[in-house]
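Novice: These are the residues of each chain, in order.
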Amino acid sequence: MRTILGRWQTWAGFALAAVVLFGVAPVVLSDFRLSLLGKFLCFAIVAVGIGLAWGRGGMLVLGQGVFFGLGGYMMGMHLKIADAQIRGDDVPDFMQIAGVRELPAYWQPFASPAFTLLAIVLVPTAIAAALGFGVFKRRVKGAYFAILSQALAAALAILLVGQTSIGGSNGLNRFRTFFGFTLTDPANRRMLYFIAAGVLLIVVAVVRQLMGSRYGELLVAVRDGEERVRFLGYDPANIKVVAYTVAALFASIAGALFAPIVGFIAPSQVGILPSIAFLIGVAIGGRTTLLGPVLGAIGVAWAQTLFSERFPSEWTYAQGLLFIVVVGFFPAGLAGLGVLLKRRRRATAEPQSEKTPEPDSGAEKVGARS
Amino acid sequence: MTVEASTAGKEPVEGGNAGMGTQYLEVRGLTVDFDGFKAVSDVDLTLFQGDLRFLIGPNGAGKTTVIDAITGLVSATGSVNKSGVELLGKKVHQIARRGVGRTFQTASVFEQLTVLQNLDIAAGADRSVWTLLRRRKGVLPAIEQAMHTIGLTHLADKPAGALAHGQKQWLEIGMLLVQNADVLLLDEPVAGMSTEEREETGNLLRRIGAERTVVVVEHDMDFMRAFATSVTVLARGRVIAEGSVAEVQANPKVQEVYLGTAAAGADGIEFAEENF
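Sequence lines, in order, name chains Z and D.
If you use the numbering used here, the first sequence corresponds to residues 1 to 370, in order.
If you use the numbering used here, the second sequence corresponds to residues 1001 to 1276, in order.
Chain Z with its partners taken away, still in its complex shape (with noise of 0.2 Å):
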């Protein structure tokens, strides 16, 4: 009966997120409104990936911005040689103003669309997990990995200012195309969000599955216990390479969409700033919760473009505050908040009628839904 109850309550959920998101959002928000909403569910595409890394598998990615930067770069070139292509050129405008006449090899694979969009799932995909057996084989775990990670990222930002093949620090932008579709017409920008839109539901589904299964179980065991699941015969390594790479994968079809959506892809989307960006939503949202990541990830972007208009600098200090709060004092975030009230109001509604409180299910048992 209650299983039964809880695969509606899923399919509601999923059925109200897409009225809300395909039927509500375009008619309310102008265009450009819903432009923007079309970015933040970039970010919550992300932000979906370091859910599963970093609350279910404790690892803290802090270099999201890589995988972020190599969908968006893989994307971007693929847009701008097309783009040459229909101007009749051999190379993009900035290669032109550069004075380069012939596309450097690396390029040129890029100039097939099935081609572009397998690489944007295998490339960051291969990387991850040749980059996850690496450290995680060797145990390096906890602040190491997050340092290493990190690190990383500013690596990848570093040598991309340096490439003027590749935009240099300008990055590469004004696409005028999307797969054929001019994107100065609205209607095609407002494809894009629908596509960024479903491909969000998509990966939700997908970490919904994983944090249900029994992997997802046995993620929680390695977060909390490492050690004792190599006692039970598990190599944990195995373990938390899956969930990186998820979280790898996420981050890079997010960065695809990204850079058609917003209109550009720089090293600025790369480095630290933006990794530990991704990481304040999710953060704040529930780390641990399906959910929470999401709605932080919007919430905070959301938040951003809000303030960072009246209040450009203030921002800044308010989202750096907002986050070590989070982090000290509420390390569930606002879903685990929201476990919080709701006890304590069942509390105050019926005194005494349990002696052992049940523990819920929800943001503070972490994966203890059966």
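For the record, the hints were derived by calculation from the structure and aren't laboratory data.
Keep in mind it's a predicted model, so treat the numbers as computed, not measured.
Even for Gly, the Cβ is constructed at its ideal location relative to N, Cα and C.
Heads up, some of the hints might be wrong.
Only pairs whose alpha carbons sit at most 16 Å apart, straight line, appear in this in silico EDC-like list of lysine to aspartate or glutamate [stated by the list, open to error]:
(1) LYS1091/D with GLU226/Z
(2) LYS1090/D with ASP89/Z
(3) LYS1091/D with ASP83/Z
Derived list of chain D stretches under chain Z, where covered just means 3 residues or more per stretch with a C-beta under 8 Å from a C-beta of chain Z [said to hold, decoys possible]:
(4) 1124-1133
(5) 1235-1244
Here are the computed distance ranges between Cβ atoms for each label pair [as the list claims (entries may be wrong)]:
(6) LEU273/Z with ARG1134/D: 38 to 44 Å
(7) TRP11/Z with VAL1085/D: 38 to 44 Å
(8) THR1195/D with LYS137/Z: 41 to 47 Å
(9) PHE1037/D with LEU159/Z: 45 to 51 Å
(10) GLU227/Z with PHE1037/D: 51 to 57 Å
Chain Z is fixed; fit chain D onto it per the hints.
Specialist: Positioned in the frame of chain Z, the structure of chain D alone reads:
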């Protein structure tokens, strides 16, 4: 927890109860060297299926280090042979898959997960990717049985963190059972338990020890006398005595280790236990 007769109708006895073709764990010349300090030197142990062996000794005797070496946590020289398979040099998780399970001095269950989830994870080291990616449905018969054996069936959906101290230790033992370990290395399983809990734990060990090899590191001499079928005494990293409880108690070397003098009476251990 209900006390019931062993399913096999057997009791653990010294030297094992399975006769020929038995499973065994043979430790030869086990030496653990921590940068020049020999925590364990040249330890020999032969354990047969159906033996409930207690490993005792003063603090710092190397009891836990022996278990750490057998399970691959610390590197050691010598040989640890489980029914024909050499374990030394293998990784921790590989040794666990060969059927060697252990518990720790401080209960280390997954506190955020329920009793059932803890057991389900312990039972699943050889699951396929496909099984892992799907939701857990129902309760495996082996887990059902283990929950019954450790007496936690009614707490299946409780988070392990909410269990009492004794129940956590039982859950750990249950995890070893569903893990299909036939060599169980228990590090002070009754530390911090009440008298009743000790009694129940001892009976539990008797029941599960009939079909497995159980090694218990213990400080509690009463507990040892009540439940051990054989005893090995370690001191300063070496085996100084081995045999039945009576033999070990009568051994002057053991009395010396526990009292600092060979002249103590026959009930030297009895006296010494008050120091623990």
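Novice: Now, for every hint given, state plainly whether the structure supports it.
Specialist: The hints, checked one at a time:
Between LYS1091/D and GLU226/Z, the direct Cα distance comes to roughly 14 Å. Compliance with the 16 Å bound is thereby established for this hinted pair. This hinted pair does not check out: LYS1090/D and ASP89/Z have alpha carbons roughly 61 Å apart, beyond 16 Å. Distance restraint check for LYS1091/D and ASP83/Z: the Cα-Cα separation of roughly 54 Å exceeds the 16 Å cut-off, and the hinted pair is therefore not satisfied. As drawn, the region 1124-1133 of chain D meets chain Z at 7 residues by the rule of a beta-carbon pair under 8 Å; at three or more, the given contact holds.
For the region 1235-1244 of chain D, the stated coverage by chain Z is violated: 0 residues have a C-beta nearer than 8 Å to a C-beta of that chain, whereas at least 3 were required. For LEU273/Z and ARG1134/D, the hinted distance range of 38 to 44 Å is satisfied, since their beta carbons lie about 39 Å from each other. Taking the beta carbon of each, TRP11/Z and VAL1085/D are about 50 Å apart, not inside 38 to 44 Å as hinted. Separated by about 46 Å at the C-beta atoms, THR1195/D and LYS137/Z satisfy the suggested range of 41 to 47 Å.
Here the CB-CB span from PHE1037/D to LEU159/Z is close to 47 Å, well matched to the stated 45 to 51 Å. A C-beta distance of roughly 23 Å is found between GLU227/Z and PHE1037/D, which places it outside the suggested range of 51 to 57 Å.
Violated hints, in rising order: 2, 3, 5, 7 and 10; the structure is consistent with all others.
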